[in-house]
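K.L.:
Hey, can you work out the whole structure from these sequences and the hints?
In the order they appear, the protein sequences are chains P and C. Taking the working numbering, the leading residue of the first sequence gets 1, the next gets one more, and so forth. Taking the working numbering, the leading residue of the second sequence gets 1, the next gets one more, and so forth.
Hints were generated in silico from the structure; no laboratory data involved. One should not assume that every hint holds.
[What the hints assert, rightly or not] Across the chosen pairs, the derived CB separations fall in these ranges:
#1 106(P) with 168(C): 36 to 42 angstroms
#2 139(C) with 47(P): 20 to 26 angstroms
#3 80(C) with 236(P): 29 to 35 angstroms
#4 299(P) with 61(C): 39 to 45 angstroms
#5 129(P) with 21(C): 28 to 34 angstroms
#6 226(C) with 208(P): 22 to 28 angstroms
#7 42(P) with 82(C): 45 to 51 angstroms
#8 212(P) with 82(C): 31 to 37 angstroms
#9 138(C) with 129(P): 34 to 40 angstroms
#10 25(P) with 21(C): 51 to 57 angstroms
#11 61(C) with 129(P): 52 to 58 angstroms
#12 217(C) with 190(P): 53 to 59 angstroms
#13 43(C) with 299(P): 47 to 53 angstroms
[As the list claims (entries may be wrong)] Derived lysine to aspartate or glutamate pairs resembling DMTMM-like cross-links, with alpha carbons at most 25 angstroms apart:
#14 150(C) with 53(P)
#15 124(P) with 59(C)
#16 150(C) with 198(P)
#17 197(C) with 122(C)
#18 150(C) with 194(P)
Note that the Cβ used here is the ideal one computed from N, Cα and C, for glycine as well.
These are the residues of each chain, in order.
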Amino acid sequence: MIREPITAPGPGRRHRRSFWSLLGEQAVEAAIRLSGISAIVFVLAIFFFIFREAAPVLFSEQFDPIEFLFSVQWYPTSAVDVRYGTLALTAGTAGVTLLAMALAVPFGLGAAIFVSEFCGPRVKETLKVVIELLAAIPSVVWGFVALTVLSRLMVEYTSAPVGVNMLNGGIILALMSVPIIVSIGEDALRAVPDSYREAAVAMGATRWQLVFRVLLPAARHGLLAAVLLGVGRAVGETMAVLMATGHAVHVPHGILDSVRTLTANIAAELGEAPAGSEHYRILFLTGIQLFAITFAVNLAADLVVRGTRRR
Amino acid sequence: MAIDPRAKIEVEGLRLAYGHREAIRGVSFDVQANEILGIIGPAQSGKTSLLRCLNRTIDFVAGAHVTGTIRVDGEDVRRVRDVFDLRRRIGMVAPLPVGLPMSIYDNVAFAPRCAGITSRGELDGRVERCLRQAALWDEVKDRLGSLGTKLSGGQQQRLTIARALSHEPEILCLDEFSIAIDPVTTMRIEDVLRELKREVTIILVTNLTQQARRLADRTMFLMAGELVEIGPNAVVFSDAPAQRKTYEYISGLFG
Numbered sequence: 001m002i003r004e005p006i007t008a009p010g011p012g013r014r015h016r017r018s019f020w021s022l023l024g025e026q027a028v029e030a031a032i033r034l035s036g037i038s039a040i041v042f043v044l045a046i047f048f049f050i051f052r053e054a055a056p057v058l059f060s061e062q063f064d065p066i067e068f069l070f071s072v073q074w075y076p077t078s079a080v081d082v083r084y085g086t087l088a089l090t091a092g093t094a095g096v097t098l099l100a101m102a103l104a105v106p107f108g109l110g111a112a113i114f115v116s117e118f119c120g121p122r123v124k125e126t127l128k129v130v131i132e133l134l135a136a137i138p139s140v141v142w143g144f145v146a147l148t149v150l151s152r153l154m155v156e157y158t159s160a161p162v163g164v165n166m167l168n169g170g171i172i173l174a175l176m177s178v179p180i181i182v183s184i185g186e187d188a189l190r191a192v193p194d195s196y197r198e199a200a201v202a203m204g205a206t207r208w209q210l211v212f213r214v215l216l217p218a219a220r221h222g223l224l225a226a227v228l229l230g231v232g233r234a235v236g237e238t239m240a241v242l243m244a245t246g247h248a249v250h251v252p253h254g255i256l257d258s259v260r261t262l263t264a265n266i267a268a269e270l271g272e273a274p275a276g277s278e279h280y281r282i283l284f285l286t287g288i289q290l291f292a293i294t295f296a297v298n299l300a301a302d303l304v305v306r307g308t309r310r311r
Numbered sequence: 001m002a003i004d005p006r007a008k009i010e011v012e013g014l015r016l017a018y019g020h021r022e023a024i025r026g027v028s029f030d031v032q033a034n035e036i037l038g039i040i041g042p043a044q045s046g047k048t049s050l051l052r053c054l055n056r057t058i059d060f061v062a063g064a065h066v067t068g069t070i071r072v073d074g075e076d077v078r079r080v081r082d083v084f085d086l087r088r089r090i091g092m093v094a095p096l097p098v099g100l101p102m103s104i105y106d107n108v109a110f111a112p113r114c115a116g117i118t119s120r121g122e123l124d125g126r127v128e129r130c131l132r133q134a135a136l137w138d139e140v141k142d143r144l145g146s147l148g149t150k151l152s153g154g155q156q157q158r159l160t161i162a163r164a165l166s167h168e169p170e171i172l173c174l175d176e177f178s179i180a181i182d183p184v185t186t187m188r189i190e191d192v193l194r195e196l197k198r199e200v201t202i203i204l205v206t207n208l209t210q211q212a213r214r215l216a217d218r219t220m221f222l223m224a225g226e227l228v229e230i231g232p233n234a235v236v237f238s239d240a241p242a243q244r245k246t247y248e249y250i251s252g253l254f255g
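P.N.:
Printed below as a string of structure tokens:
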């Protein structure tokens, strides 16, 4: 093959890109821009449609926001005295989520640290496959496990009167959140440059000193994101908690009480509420409430991250 | 070559292979206490690998296989009971500065803290002394709390030098420390190294043969994992070193 002689790009020989190549690039740019904007549009659209369904009751005269938020009485289908107080449902969601996180965060982050820093390459590959498998189990299967396996264990080994309760739901949600926390947390730890590890080790840091003094601070934003996604999974999970928590509208006094969560309540009642009825609209309002809760959690985390970044 | 029984570091028949690729092919030399040993040689000659064998960070490289012995004060580094203590006895400065993502103060106090020092007064004293030695104190003394990673490249490199001194090492290894530093600062640090020589043994890996000539007492020339020549600077940098290759490399005929 004859090579073309390398010459400096003189004014006459400059390579020009073709019209189609320029047009193609602009088309790709437009497509990317469109998909970016559509993400925002979809979120706003979801919010808009939920809000539209809920709005008539929100602005009606019988609606009492104080009762809605702070009353524990949820009697949507009572013939005598209809009440829409969601405090018990919010408490159920909060209780189950907190319990799940108390179990899942230490196990999840611990497993992420183990997978990323302590185990050998073969164990690591095996563990990652197992964790991904765990994440792929559908939530209804988890609910089934809660109903058949865990609830029996509950009755046998605790003083719980019924096997489906907050502890059961918390354990199931923890099992569902752990894979997410592990895989995102491991990504965050792996993203810490190896040069940090080398520098710390060359100064005589032991493995634990390396983990606690260098890796965790360096990866804290990613680890927080991992925990938040776990929280998101726990707050939003519906089917498994519906099956695991016992579905009793009741502010829990202990972890062995049965509860009902906001999500499970919507799933269970929306099918029976006549479209357009007050009950139906109130259920959409609890949807907005869920939206607000997750938004508040994300916002709080964002502020925490910004606070630590500024320091 | 006869091994001096009082040598700080003795290396005997050191071989290192990454899988099937040999990086160091049987190198023997010694480093006397309180000398500066310059190590020069083209890329891929095994200079950095040698340092990693010395502080045993080579252990983390999958597939690396070391034979031969390295003794520090007569003790085989691969048999030491506390490898973390060994690493604290050896200060290491990497070619590209790595500011750990923490404050300037914490960067320097990291190693002493790992060694178990918690007294605020002692840490303060060490941080100031090490930053002064690395010619960085005057520039950062008013912002010790700000992030080490926000310093400029040259300042970060001096921060890593301060860090390498913070655990009061007996041996200081510098791996091409001046890549990211301007000539004036380089000269200041070279002065510091001449001072430090009274307390520590220094191994200076450098691509600048002139730096080795200026600074080292003896210089070692490595090529493709083999030791070509080691000797006093007066010989290595003369017109007639023991090996013709050395002369050719130093005078710029190749490399």
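K.L.:
Hint by hint, where does the structure go against what was stated? Just the numbers, ascending.
P.N.:
Numbers 2, 3, 6, 7, 8, 9, 10, 11, 12, 14, in rising order.
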